[in-house]
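K.L.:
Chains as they are written, first to last, in my numbering: chain G, 2 to 115; chain P, 84 to 194.
Please keep in mind that the hints were generated in silico from the structure rather than gathered at the bench. All values derive from a computational prediction rather than experimental measurement. Take the hints with a grain of salt, since some may be wrong.
[Stated by the list, open to error] Looking from chain G toward chain P, a few residues come up when the C-beta cut is under 7 angstroms (computed):
hint, residue
1, Ala30
2, Tyr33
3, Gly44
4, Leu47
5, Gly106
6, Lys107
Using N, Cα and C, we set each Cβ at its ideal position, and we do this for glycine too.
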Amino acid sequence: QQQVKQSPQSLIVQKGGISIINCAYENTAFDYFPWYQQFPGKGPALLIAIRPDVSEKKEGRFTISFNKSAKQFSLHIMDSQPGDSATYFCAASNNSPGNTPLVFGKGTRLSVIA
Amino acid sequence: SQTIHQWPATLVQPVGSPLSLECTVEGTSNPNLYWYRQAAGRGLQLLFYSVGIGQISSEVPQNLSASRPQDRQFILSSKKLLLSDSGFYLCAWSGDSTEAFFGQGTRLTVV
Numbered sequence: 002q003q004q005v006k007q008s009p010q011s012l013i014v015q016k017g018g019i020s021i022i023n024c025a026y027e028n029t030a031f032d033y034f035p036w037y038q039q040f041p042g043k044g045p046a047l048l049i050a051i052r053p054d055v056s057e058k059k060e061g062r063f064t065i066s067f068n069k070s071a072k073q074f075s076l077h078i079m080d081s082q083p084g085d086s087a088t089y090f091c092a093a094s095n096n097s098p099g100n101t102p103l104v105f106g107k108g109t110r111l112s113v114i115a
Numbered sequence: 084s085q086t087i088h089q090w091p092a093t094l095v096q097p098v099g100s101p102l103s104l105e106c107t108v109e110g111t112s113n114p115n116l117y118w119y120r121q122a123a124g125r126g127l128q129l130l131f132y133s134v135g136i137g138q139i140s141s142e143v144p145q146n147l148s149a150s151r152p153q154d155r156q157f158i159l160s161s162k163k164l165l166l167s168d169s170g171f172y173l174c175a176w177s178g179d180s181t182e183a184f185f186g187q188g189t190r191l192t193v194v
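This is chain P alone, in the form it adopts within the complex (with noise of 0.2 angstroms):
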């Protein structure tokens, strides 16, 4: 079966400090991986999806960046965290059908 994992689950980092969250996706070759990030209110904001390895497409021009090294791993960066970075982050993969499972997320609070 397939599984999401997704680290670290909780997260304190000082305002200028780097960022790198990793997801990794088991039990399916080739899937479709998403990052999203959910503010209080706001909902599910989508932050970046790639179709494969190398493949980023970018849904909101920010502070962040993503990268996929390898099939079923799936990196989300900062190399300079600002205070509006705080929230909840979550990977997402996706197969052939149109169905997402999401990992547990990670609460990210900038100080």
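So that you can see chain G by itself, here it is in the shape it has in the complex (with noise of 0.2 angstroms):
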């Protein structure tokens, strides 16, 4: 598997701050990037996800920021709140030709304190 490398680990923000999540791949195929949101418990779920022909998708308070050349992408979370506290993955896959399966980051434990 290609390996797509996140950063940080873990996370701490303060009610209404931004969060900033980072990574990396190496595989120039790849061209599907979504990020999931997991809770304690539960399986993770789509959060949003972008294609390389765009630098920028905003959803809500969720901005993925995408850059080709340097081959990174990042999530940012604009006026995080608790309940955002969660863990993030970032996943990256190949779907010319066909679908392969995501490759996943090692994820970013956020935790938005009031």
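Starting from the two chains in their separate frames, assemble the complex, guided by the hints.
P.N.:
What follows is the structure, encoded as structure tokens:
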């Protein structure tokens, strides 16, 4: 499996602050980059995803920034709330041709404190 | 709408005992199916994936095996569990789109 490197491993943010999680990949064939959110004892759920034809995608308080030349992408959570406290995973896959399984980063445990 | 069912939610098994975890998907046909294992601090590790009945790709050689006896059924098995098999096992499916949908997971503790 090609590796996806995620950092930081854990993150503590004040309520209302910005949470930033970074990922880097090696395989230039990757063309789909999702972020998953996981609460304790639950399966991961898709939060937001981006393809390399755009440099940024925003959905509510969540934004993905994508830098194709640097092979990096990041998740920004604006106005972070205690309910955002969860583990976040970045992932990548190659969909041309066919769908290859997602390769996941090791996860970031986010704690938003009041 | 599509749903994925995974059971049991928790399982405690002695070392050397067999294992069978089942996953079924409803509301779609010919899904890609996946088994992942999540260990603390190690992220989501792909164990097996299947693109069709009887077609299984193994990513990590180990004490586990997978089978797909029906289109929307995926089973993870072991003949003899090891302590190192403990973890959180997740089944997932994907269709024509790239999005993967996860089940709620099975917490396996081998004692």
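K.L.:
Does the interface hint hold: is Leu47(G) within less than 7 angstroms of chain P, judged Cβ to Cβ?
P.N.:
holds (6 angstroms)
K.L.:
Does Lys107(G) pass the interface check with chain P, least Cβ-Cβ distance below 7 angstroms?
P.N.:
holds (4 angstroms)
K.L.:
Can we keep the Ala30(G) interface hint, with Cβ of chain P closer than 7 angstroms?
P.N.:
violated (14 angstroms)
K.L.:
Should the hint that Gly44(G) touches chain P count as held when the rule is a Cβ pair under 7 angstroms?
P.N.:
holds (3 angstroms)
K.L.:
Quick check on the hint: Tyr33(G) CB to chain P CB, less than 7 angstroms?
P.N.:
At about 5 angstroms, which falls below the 7 angstroms cut-off, the nearest Cβ of chain P leaves the hint on Tyr33(G) intact, so it holds.
K.L.:
Does the closest beta carbon of chain P sit nearer than 7 angstroms to the beta carbon of Gly106(G)?
P.N.:
Holds: closest Cβ of chain P sits about 6 angstroms from Gly106(G), inside 7 angstroms.
When each numbered hint is compared with the structure, a violation occurs for hint 1 only.
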